[in-house]
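Please model the complete structure; the sequences and the hints are all you need to start from.
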Amino acid sequence: MVDNGHGGRETGAVVTADTGSDGKFAIENPGLPPHAPRTADVDEKSAKRAERQVSVLFILSIIGTVVFFVGYFAIGRTAEEYADYFDQMAMLRVQNTLLGVGAALAMLGIGLGIVHWAKTLMPDHEVVEARKPLRTEKDREEAAGILNDVAEESQVKRRPFMVGSLALAALLAPLPFVAMFRDLDRAYGEDFSPERLRHTLWEEGTRLVRDPTGTPIRAADLTIGSAVHVIPENLREITSHGQRLSEKAKSVVLLMRLSPDDFEHTSPGREDWTYEGIIACSKVCTHVGCPIALYERHTHHLLCPCHQSTFDAAQEFKVVFGPAGRPLPQLPITVDDEGFLIARSDFTEPVGPTYWERHDG
Amino acid sequence: MKALSQKRRHPAAFAVLLLLGLLLTGGLYAAATTVNQAQASELPGDYTADQVDEGERLFVANCATCHGINAEGTSEGPSLVGVGAASVEFQVGTGRMPMQMQGPQAQAKPPQMNDEQTTQLSAYVASLGAGPGIPDEEYLDADAGDPARGGELFRINCAMCHNAAAAGGALTEGKYAPSLHGVDEVHIYTAMTTGPQNMPVFNDANIPPEDKQDIIAFLKTYEAQGSPGGFSLGFLGPVSEGLLIWTLGLALLIGSMVWLTSRSS
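Taken in sequence, the protein lines are chains A and B.
If you're matching positions, the first sequence starts at 1 in the numbering used here and goes up one per residue.
If you're matching positions, the second sequence starts at 1001 in the numbering used here and goes up one per residue.
Be a bit skeptical, because a hint or two may be false.
Said to hold, decoys possible - Among the chain B residues that face chain A by a calculated CB cut under 8 Å, a handful are:
1. 1025
2. 1167
3. 1171
4. 1175
5. 1179
6. 1198
7. 1225
8. 1258
9. 1261
No lab work stands behind these hints: they were computed from the structure.
We put the CB at the ideal spot given by N, CA and C, even for glycine.
This is the structure we're talking about:
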């Protein structure tokens, strides 16, 4: 390399790929490969075989349709005659299989047959179509002309009132959707306020009862390491099924008994929220509201199945892993005169994930 | 009050106070401990002294390395005082104990002890302290339970860890809830009463024996019924189903594309 004093870079004439005049760099047009006839084109036997294959595929489709109807009518009818539940299930499984396989064969057989037909027996012409030359300036003018024509013919410029009313209509048309989504939270016909999210069915003296049996829980019955799935006793007083479900969704509680030595941290004011190592928390994850009930009794960890947020029952349900931002709300509990567990109050904070009106993170 | 303050210096006052203090302390202690012992009422069953002796011999040979020579527990294994015969039935009967190696949790394997030896070990452990006993045969009869009710109880109490189809699931740090397919009735029952590994305890006060029978009935019915919707793919839900459709479905699509565009020979 010649050092010419310009940072070691050679300068000079730019070499361009020359397509041609002297033929030095020209690539010869290889043309098209010679047309190779298919075996079915030259060999009558092979053509016959292809014909048979296509027919077999079509016949498979016919068989598929028959199989579907055998499953649909014959087996569907007999399944009802079985008294035994397991036999019924077994027959339904057979029926489902026949319906699926039959319908798939009926469609696939025709499709595969036609493609095979086209590939082996239909004419095998090879066609070359030359690409049209590009005419940039002219195409651009043409496009502008079309746009102008549209503006002219639709009379946008000449009739401003019409265009204005269109613009207004387009603005107003989405409003029904806004209204519908806005009123989704008024499903129960009450005046909805985010305050409702702050309160659950728990109140002072509400008994903790087992889900789903509704039996009250005696503190003495819980051995260390026990876990009980709990609903408030007053839940059953709600008669509307839908409302009962939404109240249940807010008020479900998991009750655990730890050894009193296991507790690592108790904040001031929470000293009397537990009873003899029995501790209760909301089952609704503070991340996006999945139900948490995977409780490991030796680690005291509660695991959320959706995003693996992990809470420590020994540290007031502090988040020890995962995306959740806040600890699970703890339900203050004690026992009544008969030894059954009751709530001291409602949760002291809203349960579940954060929402805009929560204001405290 | 005046009378009380006058008699404060009476010679008998000290003795009365001491007696009161002792009574109060003893009473409170008894009240506190009964809470924990309320459930430990299942007495060791009808084991013979021979069984207990034989069990102790087996224990010293197979278990004492980790659980201590008197089953008092070491840094390697917990104390077995008060875990009850049900724990032995579950842990030894499913092959989890003796443990193959230390790990996040003991894994089921072909049992090392036969039924007789398991009973002898149960007898020894039951003799150490009261704990959950071997369940009554009548509650292990799946045919007599109500599978529909058992299903409801299962979905509320068990499904979050063991999967809605009882296929098992992952927990934290290598621990997992095992699949319940093919587990013996007695082991389903004793797992609930003892809470092995990190499983919570569901004692008979929480889930009564009849309810446990319903849960067993549900599990056995589910097992016999199989998958109503075709291939179960391990009952793992969208993970295995998605994987299958991605691999098999995409392979089929690519295959048909190659076939459609290839030229016939």
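message: Min Cβ distance, residue 1258(B) to chain A: is it shorter than 8 Å?
response: violated (12 Å)
query: Given residue 1179(B) as an interface hint, is the shortest Cβ-Cβ distance to chain A below 8 Å?
result: violated (16 Å)
- prompt: Should the interface hint for residue 1261(B) be scored as holding, given a Cβ-Cβ cut-off of 8 Å against chain A?
  reply: At about 10 Å, which exceeds the 8 Å cut-off, the nearest Cβ of chain A leaves the hint on residue 1261(B) violated.
field: Hint validity - residue 1198(B) Cβ closer than 8 Å to any chain A Cβ
entry: holds (4 Å)
- request: Under 8 Å, Cβ to Cβ, is where residue 1171(B) needs to be relative to chain A, so tell me if that hint holds or is violated.
  value: holds (6 Å)
Residue 1167(B) as an interface hint toward chain A, with CB separation required under 8 Å: Violated. Min distance 14 Å.
message: Would the hint on residue 1025(B) be counted as holding, given a Cβ-Cβ threshold of 8 Å to chain A?
response: violated (18 Å)
field: Given hint residue 1175(B) near chain A, where the shortest CB pair must fall under 8 Å
entry: holds (7 Å)
task: Classify the hint on residue 1225(B) as holds or violated, based on whether any CB of chain A lies nearer than 8 Å to its CB.
output: At 6 Å from the nearest chain A Cβ, residue 1225(B) passes the 8 Å test, so the hint holds.
Hints 1, 2, 5, 8, 9, counting from the list given before, are not met by this structure.
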